[in-house]
Amino acid sequence: MNGSVSRRSVIAAGVSVGMSGLAPGVFRQAHAESRPIKVGLTSIFSGRVAQLGITTKNGLLLEFEAFNAAGGVGGRTIELVDRDSKGKPEDAARLTRELIESEGCDIIFCGEASGSAFAAHEVARSSRALLMHVISETTQLTADAKLRSWNSFRSARQALHDSIVGGAFAAKIAKEQGLTRWATIAADYAYGREATPEFMGYVESNGAKVELVAESWPKLFQPDYTDSITKILQSRPQALFCGLWGGDLVSFIDQGNLFGLFDNVRVFAIHLADYTTLMSVKQLPAAGAFSSNRYVSVFPSRSENASWSEAYNKRFGSKPTNWSWEACVGARFVIDAIRRTNSAEPAKLAEAIKGMQVAAPVGMRDGKTVMRSEDQTIVDYALGWGRIVPNDPYLVDVQPADWSEVLRLETDWKRRVGFG
Amino acid sequence: MDLSALGICAATSSCIVTQVAAGLISGFLLFLVAAGLTLIFGVLGFVNFMHGSFYMLGAYFAYAAYAATGSYTAAVIAGAAGVGALGAALETSVVRRIYHADVLLQILVCYAFILIFDDLVGIVWGDEFLSMGMPSAFKRAPILLFGGVIPPFYLFLVGIALAIAIGIALLMQKTRYGKIVRALADKPGMVAALGINTQLVYASLFALGAMLAGSAGALAAPVRSMTAGMGFAILIESFIVTVIGGMGSIAGALVAALMIGLVRSFGSIGFPLFTEGLIFVIMIAVLVVRPQGLFGRQVREL
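For the record, the sequence lines run as chains R and E.
Just so we're aligned: 84 in my numbering is position 84 of the first sequence, and the numbers increase by one with no gaps anywhere.
Position in the second sequence (first residue = 1) + 1000 = my numbering.
None of these hints come from the bench; they were simulated from the model.
Even for Gly, the Cβ is constructed at its ideal location relative to N, Cα and C.
Covered, in the sense of this in silico footprint (three residues per stretch, anywhere, with C-beta under 8 Å from a C-beta of chain R), are these stretches of chain E: (1) 1117–1128; (2) 1219–1233.
Stretch by stretch, here's where chain R covers chain E in the computed footprint (C-beta under 8 Å, at least three residues): (3) 1013–1019; (4) 1253–1267.
Label pairs and their calculated CB-CB ranges: (5) E:Thr1073 <-> R:Ser102: 50 to 56 Å; (6) E:Gly1070 <-> R:Asn264: 30 to 36 Å; (7) E:Thr1092 <-> R:Ser149: 53 to 59 Å; (8) E:Thr1012 <-> R:Ala286: 23 to 29 Å; (9) R:Gly178 <-> E:Ile1016: 29 to 35 Å; (10) R:Ser149 <-> E:Ala1089: 51 to 57 Å.
Turn these sequences into a full structure, and let the hints steer you where they fit.
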């Protein structure tokens, strides 16, 4: 070596410098492609309705575990990060923001009841994360165009759909049995205030004579329903619409039985036909109870539904709930979108999910459920009303929805209330 | 606001009977919890924010005992005695160390225990709600009185709560223990100087207060779905009762609890959207007009 710098060494040095500059980017990309896809969930994991959060999470886990066991996509698996909002809107909003900004979750599953769902919805609208509402059934969430955004979807059933089907079902029974005096009870929050008039409106529009003799609006998660029960009792109704759910519904029925409230009153309780609720109610309303199909493994009567129910039971040692299938369907939309786009980029996923059809235990279009593109909410899911019996299968004589009629009435309703 | 409905109700015997019964039921259950709270605050000067947890634990202990024995009597005894023993243990190990501490510290310690008890309940009994079910002895048709409806189980609850109320009143007014407790509330130093083991009295009183909350939880268990955190709502109501009735006054707690129960019962017919609001209006009115509460003693500042 004579101290001069050869051309070869200059090139080698240049390449080395270039490589060292490129390396972090290359490694970052490689790391991004190998790291898990972080998915967030906020829900209610404590308190009277903890079963909501628990069974929602279970519904998601079943799908994510199957996805991960199959190797994920490009080696990337899904990691679920869950947070307990305790059902408080302010906590739901804060936790959603934390999951997006601090935990780096690009996909959020919102397992919140309607009050908190609106709060989380607003956070997601101002973010670039994909939000899938898997619990909130309040119609306005997706029907109101002003609330829509490119990144928010709903895989939960819709209150209006239940009201359309339930209203027709209840009207038929009311006309057959001469039930004209109606009372209502639902929790005093967005869903209760919305679902009650919708249901009663469809009872009336289906030709039943309705005299509303009492309305009761207890607080959500109220422990004592005595004042509501005695108020309803005083009005001597023949039929009762009940929009309560979970532990609230169980307490109401248990306490109502003490007063003989249900001895002569037919109860139309949207949320009764869910295994965890049915198995907690010690004595069903004596004069007859009817419910929407929240979740029962016999409706729809297909092997896919029964096998999903069995798989859930085997994995978690309990029966699935309505919330479980809603979460399952939401997870399937996201997983299918990840597979189709080979990406976890929210914008790509959102584009893929619009109008997507996925196979679902409750799918009613050739076993599939559809994410309607115009309002980004699901249709063609199992929807029906039937009579409650005390033992398995719990829901019998189910009258399934005619989806074309449901969609026609939904369009009419949207036009009527100004959402059309 | 539907005052005409309230007027119609007031003119109907069936409505009056049913609503009065409903008010008494809610009121007496609330009294059982609030009585313990007011005793602890009135004598020990301790703001027991974990009192709602005692109510919750009473319900869960009763649930466990009922599941094991099938006996509602055993369930109520287990709920009351279990929480009473827990109260005694807590007083001797933790609470007595903070009697003279800042109120903020007392509240923080209580809040820590609320979280601990909620988590323990979740670990032991799970996070999902539980339902105990009605004991077979009470599975019978409601009693009809002047056209009004009274469930036998609630009649039993009112009877038990009334008996407990009378028992506490006698204990405090007619026994040596009651005299010591009342003396402790006024002149603790003098009581100690007389050679009385004041720490033992404090512990027993805290245990008694806890036992009352536990018994309320156990008694109500057949008609309330149980869940971790269920004590919080009744804690707030108990504080309202204590404020209206007067700190440390058992009679005040009884009157205030019954007043709340009746306001809620008749309010659900006449002004359902303002029932809770009216309860707070009453509380504010009492605080303004008679700050020591309806039955509380005025403390003169020197």
